[in-house]
Amino acid sequence: MDGSEPLLSVEDLTTAFDTDAGRVTAVDGVSFDLAAGSTLGIVGESGCGKSVTAMSIMSLLPRPAGKVLSGSVLFEGEDLIQASDERMQAIRGNEIGMIFQEPMTALNPVHKVGRQIAESISIHEGLNKKNALDRAVEILKMVGIPAPEVRVDEYPHQLSGGMRQRVVIAIALACRPKLVIADEPTTALDVTVQAQILELLQSLQKELGMAVIMITHDLGVIAETCSDVVVMYAGRVAERGSVTQIFDNPQHLYTVGLLNSIPRLDSPRKQRLNTIDGHVPGLMEMPVGARFAPRSPHPRIGEYLNSASFKEQRPGMIEVEAGHWVEDCSYVRVD
Amino acid sequence: MVTSTDSLSEAQLLDVKGLKVHFPVKEGVFSRAKKFCKAVDGVDLRIGPGETYGLVGESGCGKSTLGKAICRLLKPTQGEINFLDQEIGNLSRAAMRPLRRDMQIVFQDPAESLNSRHTVREILEEPFIIQKIGDQAFRNAKVEELLDKVGLESKAADRYPFEFSGGQRQRIGIARAIALEPKLIICDEPVSALDVSVQSQILNLLMDLQKEMGVSYLFIAHDLAVVRVISDRIGVMYLGKLVEEAPGDELFNNPVHEYTKALLSAIPTPDPSRKRERIVLRGDVPSPIDPPPGCAFARRSPIEVSEEIASQDGRYQEVSPGHWVELHPATVADYDTYANR
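Protein chains in written order, with our numbering: chain A, 1 to 335; chain B, 1 to 341.
Hints were generated in silico from the structure; no laboratory data involved. All residues carry an ideal CB built from backbone N, CA and C; glycine is no exception. Mixed in with the good hints, there may be bad ones.
[Claimed, not checked] According to the in silico footprint, chain B covers these stretches of chain A (three or more CB under 8 Å from chain B): (1) 16–26; (2) 65–74; (3) 83–97; (4) 193–206; (5) 210–223; (6) 309–318.
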């Protein structure tokens, strides 16, 4: 990223869960960088490891089952994987904010909205109760909630889904973090509300100069909000690059399949859609080689599936154009 | 809206007129219900044989309630449901049973709608047993045939629903729905819970089955791009009412109602070079419990009108062949042009 130090640098992150059936690796050697003020999208289908990546960055993995096995997460040069619990508590909310999918579960139902925002402000900025509440009103106003002085005294259930997500955003931004991680922030919302929330996030991002990691399964949301994209498949990065590189010149056959299978407003009606054959391998049966290979439409894929390299060799990443990286296995790449 | 000269009326499979579903809302433990949630508030809708009618709208607009009322999982408060030339709005459960052969439903979450203690075979046999069709050998052959039709291996028959992925479970749900070769299937958000690549597989399956069997679908979903791909005609619902209906691409090329326009403009497009003008609506969807009088959308529309005009009802009018819209000064930009036609 232009030689300047990235705000966040994830290097070879590997996260596993210990289950009754044994250890499963949910994130397997994920690397990416994020520049200050930019927006990075992490896209993939359920189980691809996009949320676990976010939880690993924030040290929010369920304990003791979840563990980061290797790799580093450098945030302004500091390795968050090695940071103490106390240090992480100071970073979360203060320097890195979080927005979750379901605002109702992210908010405490028995506390007034204003108190929940003020709490995070007084913890991190040491303001007294009165001043923190004034700030809360100010922030609610910033996230576009009408009559904020009334709303601070209401409970989450009194607000609509869109309003609740605005409150969650307000809490995440209360301390003006440098980075916000948004995990499916609009998935539970209707399209018209989604449009409002995305617009809000983008304008606040500009205003506050923060970087955003947007985790979503929706390629439309990625295309509209992100500058860079990481495409994940079965715990690994299939491809990463700028949003135009990924959408206009996809190099991984999974990305191509994904882009082709979404119904668009200009795709032909009443005609079969393109699909990706097969399904994602189970976590216990992950191949060592290119994980998309069993579903790859590559003409000579049989060759690879029977080869020793599929069984033993994990493909690395190759840079196909400046900043555009793809899994280094010709059987899952565009010819 | 249906006149005696309407040549289409005879060919209708389903003809819904003025359908209302109101739920009483209790305010306290001891108080009697005084308020009503008007989930569906006067809907006219028709579906022909082999046709797919797409019904879109945001959460709480009443689209699922409408679907459930049509297949009589709910009792309508008012209005008619004519199915196969029979009025079914007031039929009892027992009287409905023979008609269930011809009308089936597929739900959003197959994990919840399939009995987890039954094997796939038991799930797929059940419709035949209830309708007293065939013997065990016949049913075994049918189960095999159904699994094949929805793209599952025959060994799936002796496994349980939880052993399958979401997409495969939805295939089982579809197999059950087509078992008795119904004429109409209500699909209530059948692909909303599925991943993109699986979603396209299920949409293809539904389209293939329609070609093969000539079944009609009422396809209920919130995703306009999905609905567009599969539907012949599309209706947009807002707060219990249909506000616009048009065939095929007409709704996308020439939306007339301001709500439809806003809905279309809000869909994120998977194309980073395209930046679209977005219509942002004022406020939130009003509650269907005691909705505001008159036009339900007037107070959110980008076309601002006085409270007096907002509280007047709009009327549902055909603006071009097959293209119906709720006509009201707040919902249509060229109101005068359309109103004077």
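**Message:** Which constraints among the numbered hints does this structure fail? Numbers only, ascending.
**Reply:** Of the numbered hints, 1, 2, 3, 6 do not hold.
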